[in-house]
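Q: As a plain string of letters, each chain reads:
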Amino acid sequence: MSESAKNIIPAGHLHIMENVLDKDNLTGVSEDRALWAKDLSLPKEAEYTFFAGCGYQQMKYVEGMMGALKSAGKMGLGVGKVVGITKAFKKVGVNLTNITAKIAAAKDDPYTPILVSTINVLRKLGIEVGYLHENEPCCGSPMYYAGFEREYAGHANKNYAIFRSFGVKRLIGLVPGCTSALKHVYPRFVEGYDLEVQHVLEVVAGKLKETGYRPKVKKEVKVTYHDPCQLSRYLQIIDEPREIINSIEGVEFVEPDQEQCGKWSTCCGGGGLEATHPELSERVGMRRVEQLLETGASVILSNCPACDMQLAKTLRKMDADVRVIDLMKFLDEALEPK
Amino acid sequence: MSDVDRAELEKEITESVQRCWKCRMCVAMCPTYEGWFTQSTAGRLMAINLYIKHGMGSLEDLSNILYSCTTCRRCQDRCKELSTDCRPADTILKARQYLVRLEEAERGKKS
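Respectively, the protein sequence lines represent chains A and B.
Each residue of the first sequence is one higher than the one before, starting from 1 at the first, in my numbering.
Each residue of the second sequence is one higher than the one before, starting from 1001 at the first, in my numbering.
Honestly, the hints are just simulated from the structure, not real lab data.
A hint or two may mislead.
Claimed, not checked - Which chain A residues stay away from chain B? Per the calculated CB distances, all over 12 Å, these:
hint : residue
1    : S41
2    : E196
3    : E294
What the hints assert, rightly or not - Each computed SDA-like pair below joins lysine to any residue, with the alpha-carbon atoms no more than 20 Å apart:
hint : chain 1 : residue 1 : chain 2 : residue 2
4    : A       : K263      : A       : L293
5    : A       : K6        : B       : I1052
6    : A       : K263      : B       : D1090
7    : B       : K1080     : A       : E259
8    : A       : K158      : A       : Y193
9    : A       : K6        : B       : R1006
10   : B       : K1011     : A       : E149
11   : B       : K1080     : A       : I238
12   : A       : K6        : B       : G1108
13   : A       : K263      : B       : A1028
14   : B       : K1094     : A       : H184
15   : A       : K263      : B       : V1027
16   : A       : K6        : B       : A1105
17   : B       : K1053     : A       : S4
18   : A       : K6        : B       : K1094
19   : A       : K158      : A       : R123
All of these numbers come straight from a predicted model, not from anything done at the bench.
The C-beta atom is built at its ideal place from N, Cα and C for all residues, glycine as well.
Excised from the complex, chain A in its bound form (with noise of 0.2 Å):
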């Protein structure tokens, strides 16, 4: 074991590394991450906390991030290779996060309104929820799953101060991967961890449940739904988003083979993978959507951003005639005002 160590971890996770340690974020562009909720007035302190994360409020950041990692793939860098990409970029003169933030500036923003919608069908189901604002950290899961151990564990600390000085006792999580980090890895490294949470699919489909509330949508559609691998096998969430469809009116619901769905569901190659490996994650998504289609669903349900965007710039790639909705906002659209 004389072989040298050097330039073993792959670039795409040394540069998230960096972000969430020096900006408190995936993609390192620093902006107003609350400025969706500018017009909600949530209060900071609550009985239930809403945990945003970083995902939908960066999504639209991450595809530039993507697309600048790849590039520099191309321009002989090497994505998996090289260490320190982002002191690389700026010994020849470029910042790869200003690359991220303009490619971002010209597109639209899709997933932003996602978290709107969660707490407008939370507030139409008659729960109230706070939300940190400003302050709310980065959980840092990425790092976890990179093998960045020491990192995390400090971040993780860092993170639970933050919350215990704001009272927070409850928290109720949107992006799969946050949830399942802050519900079962944050207890491993944080001493005295006791805060509770929950998905919001498990207080959705919970209170559907309690006060017999039929949502509609306007036109009837036909629907198939992709479990997020974090949401399914990680905190083991699967029957409540199908209680979620089902209890839909003019939904009509197909699956793919039993082998492929629920606790089984494939996985859709976005995430991580993408950092390093990009062309092996096009490929992994294809392989799903392929899946999905087959259903003869005009429309794909998921409830992460991270399988939502990759499953819509699939389903482009394959110029299939499908769309890619995220649970939370279908079913905003589909709930009428209490």
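Since chain A is already given, all that's left is putting chain B on it; use the hints.
A: Just chain B now, kept in the frame of chain A:
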């Protein structure tokens, strides 16, 4: 990385691989598997095991093999269902932590 940390991780990883039945159900489960064994769960486990035990393979290849996992845990659920106690996805994560520490140790040597 201290030698104790390294030894601990090495032990945890190789012991997990030891528990593998080599049934290869995880290979069928892996979304990245396209025909090359090292693109699958079992292949990743074999690769890190051979590196730790016999120093086989290059670190660059090992990094590529381990970081091509999507961490979707489809393999782990199948493995659990077959009552094996190998926890393949957790073991791959440990192998990534091992790589991070190898790299840290290398950087420490230089500075």
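Q: Go through the numbered hints given earlier and state which of them the structure violates, listing their numbers in rising order.
A: 19
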